[in-house]
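Peer 1: For the protein sequence lines, the chains are H and V, in the order given. Mapped onto my numbering, the consecutive letters of the first sequence carry residue numbers 1 to 93. Mapped onto my numbering, the consecutive letters of the second sequence carry residue numbers 94 to 197.
Calculated from the structure, these hints are not laboratory results. Treat the hints with caution; some may be incorrect.
[Stated by the list, open to error] No farther apart than 25 Å at their CA atoms in a straight line, the calculated lysine to any residue pairs in the SDA-like style are these:
| no. | chain 1 | residue 1 | chain 2 | residue 2 |
| --- | --- | --- | --- | --- |
| 1 | V | K152 | V | E172 |
| 2 | H | K51 | V | Q124 |
| 3 | H | K51 | V | D119 |
| 4 | H | K18 | V | K122 |
| 5 | V | K132 | H | D47 |
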Amino acid sequence: MSVTPSIVQYEFIGLDAKVVKSSNPSVVGIAGKVDDETRNSLVILHDGEKKVIIKDTAVFEFVMPNGTVVELDGKVLIGRAEDRLKKRPRRLW
Amino acid sequence: MNSTKQIALQRVHRLFSLAKQVIHEDPEKAQHYIQIARKIAMRTRLRLPKEYRSLVCRKCKSFILPGVNCRVRIQQRREPHMVITCLNCGGHSRIPLKGEKKQC
């Protein structure tokens, strides 16, 4: 899995994630497995607790299955899991 | 197969493997993962792969795993077939077993 704009379409449930930046300072630093996903939020298991993090205002760091670490702005992740499959951003970087 | 369908297939594989790991601890979460996988497959007009089709109940569409919440029996009468009983809803689904034809 190479890092291409289509990375937005991949599955994030089950990956290790970390909140790098957020406008809400109390969620910065939360790390753990992604447990669930909704249209506007990600649910991360942090020390056995479920933490709901709003996608719009956060920047996430994901560890992909092949080991690469990807930092993604939450703004491009907005959308339901099945709707994200159809959207393709132009260029992210 | 275009690239969107390939990505969808990868996601279906991951979700099913996650559901299998999780079903013993949290059955509801496993059902939720299967719902997402089915939605992804429907949205991209992808048929679920053959090995997963028997893991979803045909009647109530819930995740069934042999030995956990379904019963698998083989019947020899009429045509040899496999009967999968979902223990959530009680529905049956029959799958024909294609074998070598007996020569009289």
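Peer 1: Give a verdict on every hint.
Peer 2: Evaluated hints:
1. Using a Cα cut-off of 25 Å, the hinted pair V/K152 and V/E172 holds, with the two alpha carbons roughly 22 Å apart.
2. This hinted pair checks out: H/K51 and V/Q124 have alpha carbons roughly 21 Å apart, not beyond 25 Å.
3. Pair hint H/K51 plus V/D119 holds up; C-alpha atoms about 18 Å apart against a cutoff of 25 Å.
4. Restraint check for H/K18 and V/K122: the C-alpha separation of about 22 Å stays at or below 25 Å, so the hint holds.
5. Only pairs whose Cα atoms come within 25 Å are accepted, and V/K132 paired with H/D47 is rejected, the gap being roughly 30 Å.
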